[in-house]
Amino acid sequence: MTPDTIDFQIMWNRLIAVVEEQATTLIRTAFSTSVREAGDLSAGLFDRQGRMMAQAVTGTPGHVNAMAESVGHFIEHIGPQNIFDGDVYLTNDPWMGTGHLHDITVVTPVFRKGVHIGFFASTAHVVDIGGRGFGPDGREVYEEGLLIPISKFAERGQVNDMLIRIVRANVRTPDQTVGDLYSLAACNAAGDRRLHAMLDEFGIDDLDGLSEFILTASRRATEAAIARVPTGTYRNTMTVDGFEAPVEMVVTLEAQGAIIRADFTGTSGMSSFGVNVPEVYTRAYACYALKCAIAPEVPNNAGSLAPFVITAPEGSILAARRPAPVSVRHVLGHLVPDVVLGALHLAMPGTVPAEGASALWNIQISARPADPDSGLPPAEILMFNSGGTGARPTLDGLSATAFPSGVSTMSVEATEHVGPIIVWRKDLRPNSGGAGATRGGLGQIIEIGARDGYELWFNAMFDRVHHPARGREGGGPGAPGRVELSDGTTLKPKGRQPIPQGLRLRLSLPGGGGYGNPAARDRLALRADIEAGLIDPETAVCDDGQDPKSD
Amino acid sequence: MTRPPIRVGVDIGGTFTDVALDAPGGLVTGKVLTDYAEPERAILSAILAAADQAGIDPADIGQVIHGTTLVTNALIERRGARMAFVTTEGFRDVIEMRSENRFEQYDLNLSLPIPLVPRKDRFTLPERMGPKGEVLLPLDPAAARAMAEHIASGGYEAAAIGLMHAYANDAHERMMADALAEVAPGLSVSLSSVISPQLRELPRFNTVIANAYVQPQVSAYLGRLVEKLRAADIIAPVFLMHSGGGLISVETAAAQPVRLLESGPAGGAIFAARYARAHGIDRVLSFDMGGTTAKICLVEHATPKTANSFEIARTYRFKKGSGMTVSTPVVEMVEIGAGGGSIASVDTMGRIQVGPRSAGSEPGPACYQRGGTAPTVTDANLILGRLDPDAFAGGAIPLSTPLAQSAMASVATQQGLTEQATAFGVTEMVDENMANAARVHAVENGRDIEGFTMVAFGGGAPLHACRLCEKLGLSALLIPPGAGVGSAIGFLRAPFSYESTRGLFQPLDGFDADLVNATLQAMETEARAFVDVGAAGADTVSKLTAFMRYRGQGWEIPVPLSQSRFKDADVPALIAAFEDAYRTLFGRIIEGLTPEITNWSLTVASRAPEPAPVARLTGGTDASPGRTRRFFDAALRREVEAQEIPRAAMTPGTVANGPAIITEDETSTIVTSAFRAIGQSDGCLLLIRKEGQP
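Taken in sequence, the protein lines are chains A and B.
In case it helps, this note's numbering puts the first sequence at residues 9 to 559.
In case it helps, this note's numbering puts the second sequence at residues 100 to 793.
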């Protein structure tokens, strides 16, 4: 039969369900905490030219473009003539995948009646990939773990034993890491089954017509939205803490008709540590920011992503050159949307939020017995924590909420079962939201101590300590972050440090910037904030220029 | 010989209050409009009407079984008590910080749900328990006393106490409750260690707060209900349907109203389960579709799938994460915004979208002629000939096809299609959304949907069920009689049951059998006491579930266990049970990792009487030809000439070959060309796929 527009619409709807099912399968079977809690994965369907037709909405915008571009690399490296039914391909090359070695992308070609018609692809963050482990300390990507170039994980259904053995021999958690490779392959296979059922139902044998329909409709809708951005060139800069030196992020947006370009020329050079960002990851976060503000309702696919053209000069910290270390590229990557939205604000005032905490404050703690002979087991604890988001033009920022990442925090009670720590405090940080007509979201305060008999080390990876989130349109800055001990000793915001026995680590997470003149803040909102203890009356007076006690 | 007591089930829904009376002469059902001001008034009049119809004296009613959306509505509409929340110092904002994520990735103007208790009413105590219940910071009685006085002077109607690790040691919560009892004896107080003694502070705090928030209101309402029934000579004990699919006493319900959240839908699942048992169907997909939402539930071996937490009061397009997660036993359901009132629109990509916005019952679909102008699923069904304009609700609501068509015209113009083709697009999209939700739910539970039999009920389900089966590849569909009041009938079939839960962390490389056994004993005593109120001396069944994971994983899976007391030597059996469950869900196990247990759940339930088995009739005599009508068959993409058969004519063994429409007052069953319907001896319609049909 020849599908009509209703058929195409239904099939499009179904494909989105198919990739969601693919992602669900992966979330439920993967091992790493970041897949499960942070949704650090992606899943998508591609046509035979490698154009992405549908992508599951997961927790990480960092995979948006990365996934869309990945299959093109596979087609190029494998060669169309070497693509067989039953093949499965994989890589974790940071420059071909999603920016660091921990993310493994698996691609499975789809065959129908002997003809190659498309691909399923999926990416997940694995527990361990060898090397120094997840952290910024490597000076070259070689130190960060095993890099698997684009390879055949399976050919015509036959798994490559040598590859499995190499992976097993190079990682600390062979069962879990290899298990995740199989999970990735299995979730693609699940998608494949559903796709064939749909093709059976609609009596078609290829994806060409459907792909054209989806990509054309998506591209048109995106272009129509971009056309509403006033033509012009908009430049913004933002300084953030970086690792060994502050990093200047510079972006120039150029809106012209149905295309919007973002270029990062002028951005600082690379770091010696693993905070460098491969360009693909920068593109993902820049594109995510633009899409949120301009065309949030259009699903991600090759058609909707094409009108966003994003570039960064090679050798800058946002387009790191091989073999730069890139393990924790997320810290600076998460800050990219702030600088991009700031530029977009010049084009579309009253649309985008103020700057926020943005980079997650993930805490990695190693607990070791104080007395090595005590027989107490060591433990590793990972916590995800978020500061405040920037105030919106008409709404306050969100307190202790992740943006742009989609991560979830874990239960403190559950965390205390994982390792010998006590979280004494995890609550909102008063006075940390930037003042404004709308207030920035609040950060939070976390206090952590060791159980008896243990000493703790933690790996600091925190930004916005020296360069807080700026307000917009007269709004005040969010409070900067603070890293200290319970006795008031200030600690470094980056690097591995001990928490001396008897003391607690106290983290004060940054707040989001305010929006608009604080004097214009609604009096009832201000009073409600004071009543709730979110701001002190004294702070309110000096920040907002109005005395909330008077009427 | 004593006769079993006469029982009556009453379900209060958003629009109707349904009643089902199990009288000696058979089942009598009815509906009255829900009375929002005094729900008990509608209940009484519904019961009296049913008693009258059954020819019994209301005083002869032996049990009243009740379910209500009152608790859910109070939470959604924020009509609860002014309350205080007392928690551990450092954790004042747990319910406000939630899981620190955004449930919608691309909305820059997202609003998060507002906590039930504002920050100014959340207070903290200097105290701390450790994960094993060890006291890390003792609670000074003077501090508890001072807090009690502070709360007493605050003019609160209720208080919730939720302290860290209180599931492992409730001493500090008890101290605080005692201080409140002394200082403010009239105050309604809920303890997290009683209401939801499970690991994870956010859902536990949410649960105890939700309980305290509705407790004064629910307790007053139940008191009025009992009084009102007494005044009408109905002195029978009153029981409430709880979310987990069993019955609890009115006293328990008044103390733990959070257990009533999903009572209506749970009744629906029991209803489906009962027919699954009678018809000997092992794997059932229960499908309930009303005016605003559709609910899907898996029922295996005649037992609805249950969970120990769920999300209530979603604020954003039914989106996961936009509500409030509570941990209380519940029949696990997926609810999506797809119903007869769901509104169709066209998005920026030119795609037809349906729901979750709904025209509700007021003004309702355009064709109801009550002022609605938005095109709805019901309008689409009318245009496609699936509804008879003159026979809707037994002719009580005349439907206007021209109004339906003019409502559909805006979408049709944007699509460049005829109104019929557009209406087809609308129903296909809503069916597609429901099918996708069912498939994902099955995948999340490690099940393959094919091979399940659908049991459909609720006003909208029989119109859509057959097409849904086509989309899901199901080959059998059962539509029970009385499907419009399924929940109320389900109440009558529910066992007395109580699910006791505990957070007790047990790594299997350090399993403490004595501690586990002592905890299980306490749980069993607790659960049995609740069951004995309604079914003292009855034969009971117990079901123990451990929530387990591999060390290092963040979430547990439910593992059913066959024993309820353990020896150290049972550890290998526990590992084997975990591996079985893990393999079923995920297809494989992981060697070399240690499993651990976080939470435990023990259900004690009275054994419900076995329904009489129903022998499946798969053929017989064709229904006698009568009126015909044309409807649009979605799979064939064209109109077909269908015979119209009254449901009453579908006597046992009567066959209606699709395309056919089986009509009744409450709804119509669409039998597509690929299916045929056979009347069953218990009044069910069985729809099975014709041979050779894909």
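Hints may be right or wrong, so weigh each one.
List of simulated lysine to aspartate or glutamate pairs, EDC-like, C-alpha gap at most 16 angstroms [to be verified]:
| hint | chain 1 | residue 1 | chain 2 | residue 2 |
| --- | --- | --- | --- | --- |
| 1 | B | K418 | A | E305 |
| 2 | B | K219 | A | E539 |
| 3 | B | K642 | B | E625 |
| 4 | B | K219 | A | D530 |
| 5 | B | K231 | A | E539 |
Because the hints were derived from the structure by calculation, they are not lab data.
For the pair supplied as a hint, K219 (chain B) and E539 (chain A), confirm whether the alpha-carbon distance does not exceed 16 angstroms.
holds, 6 angstroms
Given pair status - D530 (chain A), K219 (chain B), alpha carbons within 16 angstroms:
Measuring from Cα to Cα gives roughly 19 angstroms; hence the hint is violated.
Straight-line alpha-carbon gap K642 (chain B) to E625 (chain B), limit 16 angstroms:
holds, 14 angstroms
With the threshold set at 16 angstroms, check whether the alpha-carbon distance from K418 (chain B) to E305 (chain A) stays at or below it.
Satisfied, since the Cα-Cα distance of roughly 15 angstroms is no more than 16 angstroms.
Agreement of K231 (chain B) and E539 (chain A) with the hint, judged by alpha carbon distance not exceeding 16 angstroms:
violated, 36 angstroms
Hints 4 and 5 from the list above are not met by this structure, while the remaining hints are.
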